[in-house]
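Asks: Just so you know, the working numbering puts 14 at position 14 of the sequence shown, and the rest follows in order with no gaps.
These aren't lab readings, by the way, just hints derived from the structure by calculation. Hints are supplied without guarantee of correctness; some may be wrong.
Cβ-Cβ distance ranges computed for the label pairs, FRET-style [stated by the list, open to error]:
id	residue 1	residue 2	range
1	L35	R135	19 to 27 Å
2	L43	R135	17 to 25 Å
3	D101	V54	34 to 42 Å
4	P78	E145	48 to 56 Å
5	R100	S79	43 to 51 Å
6	A155	G59	15 to 23 Å
7	G81	V126	44 to 52 Å
8	A61	S90	24 to 32 Å
9	P78	L29	26 to 34 Å
10	A119	D94	46 to 54 Å
11	A97	I160	19 to 27 Å
12	R128	S79	51 to 59 Å
13	A31	G102	37 to 45 Å
14	R128	L43	35 to 43 Å
No residue lacks a Cβ here, since even glycine has one placed at the ideal position from N, Cα and C.
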Amino acid sequence: DERPFPPASYVPASPPRARRRARLEQRALFAVRALGVVLLAVLGASPLVRCSRVSVSRGGASIALAFVIDDSLSMRAPSGGKTRFARARSAAVDIVATLRDGDAVAVVLAGKPPRVALAATTDLSVARSTVDGLREADRATSLDEAVAMASALIADLPQIDKRVVVLSDLA
């Protein structure tokens with residue numbers, strides 16, 4: 001037995017509609033939206049700004065900077081017309097060129113075993129000549145130990161801002 005539900009009489013009845021399958025009515029609008037999503041994905045995947053030079057941002061005070069430069073065998077691979085090591089050394093030269101008096105620099109080579117190429121110094125001319133004289137080696141990479149060594153080199157320096165710059169192919 002079907003019995004009417006009394007409160008249902010207060011709700012107006014809706015006429016049944018034939019349900020049709022959802023289909024794309026405005027193809028042009030869909031194409032524009034899909035293209036927008038694809039363009040945003042491509043834009044997010046590529047860098048917006050390319051720098052011709054690498055530099056260090058500073059808060060005004062002097063900084064202590066330790067370079068970890070990977071000199072392993074994988075850095076001999078060509079990349080953009082130069083070897084990866086040459087690009088890393090060029091980036092280090094650019095950064096050292098932006099440093100000011102009072103900034104401290106240390107250089108650690110990340111081949112296995114990691115080696116200190118330059119202990120922490122405020123003599124920027126020595127830092128420049130050390131970075132210019134670096135050569136790659138036929139070694140494996142030991143980045144973890146090199147980063148720890150670089151952190152230890154600048155840990156006791158008086159500069160408040162201490163940074164470790166890793167220049168590697170991460171291979």
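Asks: Output the indices of the hints that this structure fails to meet, ascending.
Replies: The structure conflicts with hints 1, 2, 3, 4, 5, 7, 9, 10, 12 and 13, although it agrees with all the remaining ones.
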